[in-house]
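Okay, so the sequence shown: first residue is 73 according to the numbering used here, each after it adds one.
It should be emphasised that the hints constitute simulated quantities derived from the structure, not laboratory data.
Source: prediction; values computed, not measured.
Virtual Cβ for every residue (Gly too), placed ideally from N, Cα, C.
Check before you lean on any hint, since a few could be wrong.
Stated by the list, open to error - The calculated lysine to aspartate or glutamate pairs, modelled on EDC-like cross-linking and capped at a C-alpha distance of 20 Å, are:
#: 1; residue 1: Lys80; residue 2: Asp240
#: 2; residue 1: Lys80; residue 2: Asp288
#: 3; residue 1: Lys80; residue 2: Glu175
#: 4; residue 1: Lys124; residue 2: Asp215
#: 5; residue 1: Lys124; residue 2: Asp146
#: 6; residue 1: Lys124; residue 2: Glu278
#: 7; residue 1: Lys124; residue 2: Glu219
#: 8; residue 1: Lys80; residue 2: Asp280
#: 9; residue 1: Lys124; residue 2: Glu142
#: 10; residue 1: Lys124; residue 2: Glu270
#: 11; residue 1: Lys124; residue 2: Asp92
#: 12; residue 1: Lys124; residue 2: Glu144
#: 13; residue 1: Lys124; residue 2: Glu252
#: 14; residue 1: Lys124; residue 2: Glu99
#: 15; residue 1: Lys80; residue 2: Glu237
Said to hold, decoys possible - Computed beta-carbon distance windows for the label pairs:
#: 16; residue 1: Pro95; residue 2: Gly258; range: 28 to 38 Å
#: 17; residue 1: Thr111; residue 2: Glu237; range: 44 to 54 Å
#: 18; residue 1: Glu219; residue 2: Leu282; range: 25 to 35 Å
#: 19; residue 1: Thr265; residue 2: Arg180; range: 16 to 26 Å
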Amino acid sequence: MSDFHYVKAVLFDLDGTLLDSIPDLSEACNRMMLELGRTPYDIEVVRTFVGKGMVNLVRRCLAGSGSATEVEVDAAVNIFRRHYAVVNGQWTTLYAGVVPALEALRQRGIAMACVTNKPAAFTAPLLERMGIAGFFGATVSGDTLAEKKPHPAPLLHACRLLGFEVADALMIGDSANDAEAARAAGMPVLLVTYGYSEGVPVDSIECDGLLSSLVDALPRFHASPSPV
Numbered sequence: 073m074s075d076f077h078y079v080k081a082v083l084f085d086l087d088g089t090l091l092d093s094i095p096d097l098s099e100a101c102n103r104m105m106l107e108l109g110r111t112p113y114d115i116e117v118v119r120t121f122v123g124k125g126m127v128n129l130v131r132r133c134l135a136g137s138g139s140a141t142e143v144e145v146d147a148a149v150n151i152f153r154r155h156y157a158v159v160n161g162q163w164t165t166l167y168a169g170v171v172p173a174l175e176a177l178r179q180r181g182i183a184m185a186c187v188t189n190k191p192a193a194f195t196a197p198l199l200e201r202m203g204i205a206g207f208f209g210a211t212v213s214g215d216t217l218a219e220k221k222p223h224p225a226p227l228l229h230a231c232r233l234l235g236f237e238v239a240d241a242l243m244i245g246d247s248a249n250d251a252e253a254a255r256a257a258g259m260p261v262l263l264v265t266y267g268y269s270e271g272v273p274v275d276s277i278e279c280d281g282l283l284s285s286l287v288d289a290l291p292r293f294h295a296s297p298s299p300v
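With the hints as constraints, model all of the structure from the sequences given.
Have a look at this one:
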């Protein structure tokens, strides 16, 4: 087990790490598909589509049922956004261990940020609805910057917003997007085993450790040394 001595900031992915939002995403996808006259998907299929942002999710839905031209994707994205705005947070649940872990980290004085590929219009309302918005000193969404994960820019931006160096930070996510972004940013990364990971076995992704629950990460952190 790797120890992360004196970590001052932890960056969290959202979907598949803190929240199980697949029920809402699947519902919005299937309402979109029905409106487009296409066959909806089983929820477990939608689970493998989630990752790299909303546009990619919509593109995967269309491609799996036929054509997915850019014009079709652009039109479908608008339909998806309309439906997702209605159901966002309706059936989403917090994973077990999330709130205890966030509370423990806050008590230890560790700053936290949410770094997600979900658009900002849906991120803030979802965090508020699930009651965890107050834990995060910064939130970086999929459209905050020109780049999203697996590009390192969102992680670097989150560190700047929190006021910490990359060397002080750790990423916790559920997929290769998070691992690749963290590696490119130069920070360690832990992956949860219960997330989505785009259908890729999480234990096949290079990372610094696997977590079956966020509380499993707590023994790895140590309080920062007191100033002399």
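Consistency of the hints with the structure:
no.: 1; hint: Lys80 x Asp240; result: holds, 5 Å
no.: 2; hint: Lys80 x Asp288; result: holds, 18 Å
no.: 3; hint: Lys80 x Glu175; result: holds, 15 Å
no.: 4; hint: Lys124 x Asp215; result: holds, 11 Å
no.: 5; hint: Lys124 x Asp146; result: holds, 16 Å
no.: 6; hint: Lys124 x Glu278; result: holds, 18 Å
no.: 7; hint: Lys124 x Glu219; result: holds, 10 Å
no.: 8; hint: Lys80 x Asp280; result: holds, 17 Å
no.: 9; hint: Lys124 x Glu142; result: holds, 17 Å
no.: 10; hint: Lys124 x Glu270; result: holds, 9 Å
no.: 11; hint: Lys124 x Asp92; result: holds, 16 Å
no.: 12; hint: Lys124 x Glu144; result: holds, 19 Å
no.: 13; hint: Lys124 x Glu252; result: holds, 12 Å
no.: 14; hint: Lys124 x Glu99; result: holds, 19 Å
no.: 15; hint: Lys80 x Glu237; result: holds, 9 Å
no.: 16; hint: Pro95 x Gly258: 28 to 38 Å; result: holds, 35 Å
no.: 17; hint: Thr111 x Glu237: 44 to 54 Å; result: holds, 49 Å
no.: 18; hint: Glu219 x Leu282: 25 to 35 Å; result: holds, 27 Å
no.: 19; hint: Thr265 x Arg180: 16 to 26 Å; result: holds, 24 Å
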